[in-house]
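Here is how the chains run, residue by residue.
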Amino acid sequence: MAPVPQPGAAVVADWHRDADSREFFSRILHKKRRRKFSLLESPVMPPHLAVDTVHYKVFISGKSGVGKTALAARLAGRSIPSMHYETTGIETTVVYWPVKLRESGRVLFFRLQLWDCGENALRRFDHLLPSCKEQLDAVLFLFSFTDRTSFDDLSNQIAKWSGPSDRLVKLVVGTKYDLFMHSDVTEREVTRFQEEWGSPVLRTGGEVSDGLGDVAALLNGLAENLWHQDCVAASQHSQQATGTLI
Amino acid sequence: MFGGGQGVLLSSCETERGGKVVWRVFQDSVMLIAVNGGQGGGGGSSRGEELSLQRLLENVWSSMVLVLGQDELASVRNVERLKRDLRSCFSLIDQLLEEKQEGIMGNLTHCADCLVPPNPTLLQEAVENFTQAADSEFGCLMVHGRIAVATEKWWRLAPQEVVLLSALMRSLSASGSASCDYPVFLPHGSPTVAHRLLRFQLLPGADVCVLCGPTPSLLRAETTLVGRFWLPLADTLRDCLAVGERCLPGSVSLRPDVLALLLINRETRRSVSCVRASSDSSVPSRARCWELLKLFYIFSTTRYFSQEETLCVSPEEKPQRSSCEDFAPGFSHQPLQCYLVTEECKCYTLQTPQHQLFLLTPLSVPTFALRTVATHTLSAITAATGF
Ligand SMILES: Nc1nc2c(ncn2[C@@H]2O[C@H](COP(=O)(O)OP(=O)(O)O)[C@@H](O)[C@H]2O)c(=O)[nH]1
Ligand SMILES: [Mg+2]
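Chains as they are written, first to last, in the working numbering: chain A, 1 to 246; chain B, 247 to 633.
What the hints contain is simulated information worked out from the structure, not anything from laboratory work.
Do not take every clue at face value.
Result set (DSS-like, lysine-lysine): computed pairs, CA atoms no more than 30 Å apart in a straight line [as the list claims (entries may be wrong)]: (1) A/K160 / B/K329; (2) A/K170 / A/K160; (3) A/K57 / A/K36; (4) B/K329 / B/K399; (5) B/K329 / A/K32; (6) A/K133 / A/K63; (7) A/K31 / B/K266; (8) B/K266 / A/K63; (9) A/K31 / A/K57; (10) A/K100 / A/K31; (11) B/K346 / A/K36; (12) A/K36 / A/K133; (13) B/K346 / B/K329; (14) B/K329 / B/K266; (15) A/K100 / A/K160.
Kindly generate the complete structure, drawing on both the sequences and the hints.
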């Protein structure tokens with residue numbers, strides 16, 4: 001797997017707290033809550049501030065009840081369903097997130113489309129997984145802090161997704177971190193896993209608050225990895241191009 | 247079950263406190279039992295209660311078939327597995343039990359809840375072209391959880407399927423997701439082979455869906471078709487959304503003395519319903535009006551009018567079922583209108599060969615004027631919309 005950038009190396013961390021981000025974040029907010037974007041809508045910037053939007057497809061993987069649907073809702077700023085209903089097909093969620101690149105100071109809107117599909121549905125219907133894999137850019141591997149087996153199964157899950165063409169960002173997310181009192185997974189185990197895996201384990205949990213602070217670390221981390229992957233691919237591509245020229 | 251062993255058909259019973267228990271066996275395999283707490287839900291009559299519970303059983307069974315397919319339910323090989331798989335149906339079943347969304351009557355009437363758009367032609371064309379481009383003939387545009395326009399083939403699905411797919415669309419839409427690819431079995435049309443229900447949220451409150459086979463993939467349909475067919479219609483969609491829960495366009499002017507109405511087209515099995523907002527404290531609240539409308543529908547259909555038979559009864563079951571209907575007090579003639587005056591409002595039903603109109607008015611409307619209000623309302627709606 002391509003080396004993952006140090007968190008904060010490529011994009012400005014916690015940019016939503018800076019004054020110069022307000023113009024951009026206000027486009028994804030409505031009455032102090034996150035705006036929901038349907039397919040025909042997107043954030044509209046005034047002409048003098050026009051920015052590019054980059055599109056990515058992200059699959060959320062993990063066993064039933066681990067918190068996939070809740071994570072998609074959280075990242076979009078929706079309230080989290082209190083009941084667990086199985087997701088009996090594919091559901092996608094659109095998330096817009098402004099990001100400031102550290103080096104150039106350039107601002108981009110990331111349009112992340114999160115693909116969520118219940119494990120049982122994937123098992124029962126063969127056509128769903130290929131559909132989720134089509135033109136995929138990233139996978140989030142979920143485990144729950146309250147479910148030991150979901151943590152133990154991570155390496156298995158990740159192994160299933162390593163193919164010859166490795167243009168896929170892979171991140172691990174621990175859910176239900178707010179229930180640390182009932183945690184089945186210790187900090188030391190998480191630390192050890194991070195060292196072996198060579199990349200940080202992101203965490204989520206608790207109530208959805210303003211829809212910015214509670215998701216900034218995760219969305220910036222995801223955006224950074226996606227951007228990095230594109231940069232690596234672009235430089236390889238241009239090297240190949242110059243190679244053939246000579 | 248004891249009675250069944252003796253060849254007796256018992257289909258419901260009542261508890262001492264007036265609770266009602268109704269059950270039914272589906273596909274010789276699954277028995278569903280519905281129990282209610284006694285009060286309400288039946289228009290004050292035992293037969294009315296039975297109607298809503300029977301409807302509930304049918305709807306629950308059809309939801310189970312919709313999600314799991316008939317094979318898995320009819321020939322149970324592994325009960326533990328079935329129990330686990332049944333969890334996939336809970337979302338739809340809970341929705342049927344809770345009846346949360348006001349203004350949705352289809353679960354009861356088995357007629358599709360519709361919204362009449364101000365400019366249907368453009369939307370109709372768009373749905374047809376979009377559906378065709380998605381390799382399908384079955385497509386439908388839902389606005390505020392009701393069908394605004396649909397392809398002809400969509401309307402040829404069994405009425406109950408249309409109602410059920412609408413319920414599924416509402417729950418998917420409420421989850422706030424942007425698009426879906428859901429495997430669905432059609433309880434009547436395709437109980438053993440799953441189709442794909444693709445749904446796209448065009449604007450908040452406006453969703454388009456198609457029923458299709460293996461192609462196109464969700465990603466391809468979304469990236470190549472949604473923008474192409476629907477971006478040019480964004481403003482038309484907004485006009486349609488502005489109709490709101492009234493479900494009828496501005497061109498229909500309702501008389502001020504209409505509190506609430508449910509209009510059923512008996513041929514097309516479609517319905518529109520609405521409750522008028524009122525600040526007047528002497529009339530029932532919106533929520534209560536919806537409740538009263540349902541109760542009145544049950545009251546008039548169980549006592550006077552036949553609801554069109556869409557009960558999903560298998561042919562071999564039919565003679566048994568109709569034999570229990572014979573116990574109902576029969577009329578030698580077919581009633582055309584009926585009214586009811588309660589402590590909260592007045593109610594009036596009008597039946598023509600093509601329509602059934604159920605109307606609520608405030609108590610202040612004189613009873614002798616109800617019929618005029620009803621006939622005016624019916625012709626105002628049909629003249630302006632052709633519903
Ligand atoms: N306390 C807490 N509960 C959560 C969290 N994420 C999910 N849940 C709950 O866990 C259950 C299953 O979540 P869901 O997202 O539906 O699981 P899925 O099957 O992976 O989609 C639901 O009842 C959620 O409310 C979290 O971060 N904290
Ligand atoms: Mg789920």
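Structure-based check of each hint:
1. A/K160 / B/K329: Cα-Cα ~28 Å, so holds.
2. A/K170 / A/K160: Roughly 12 Å between the alpha carbons, so the hint for A/K170 and A/K160 holds.
3. A/K57 / A/K36: holds, 18 Å
4. B/K329 / B/K399: violated, 34 Å
5. B/K329 / A/K32: violated, 43 Å
6. A/K133 / A/K63: holds, 17 Å
7. A/K31 / B/K266: Distance of about 47 Å is beyond 30 Å: violated.
8. B/K266 / A/K63: With Cα atoms ~40 Å apart, B/K266 and A/K63 exceed 30 Å; violated.
9. A/K31 / A/K57: holds, 28 Å
10. A/K100 / A/K31: holds, 24 Å
11. B/K346 / A/K36: Roughly 22 Å between the alpha carbons, so the hint for B/K346 and A/K36 holds.
12. A/K36 / A/K133: Judged against 30 Å, a Cα distance of about 25 Å means the pair holds.
13. B/K346 / B/K329: holds, 26 Å
14. B/K329 / B/K266: At roughly 26 Å apart (the allowed maximum being 30 Å), B/K266 and B/K329 satisfy the hint.
15. A/K100 / A/K160: violated, 33 Å
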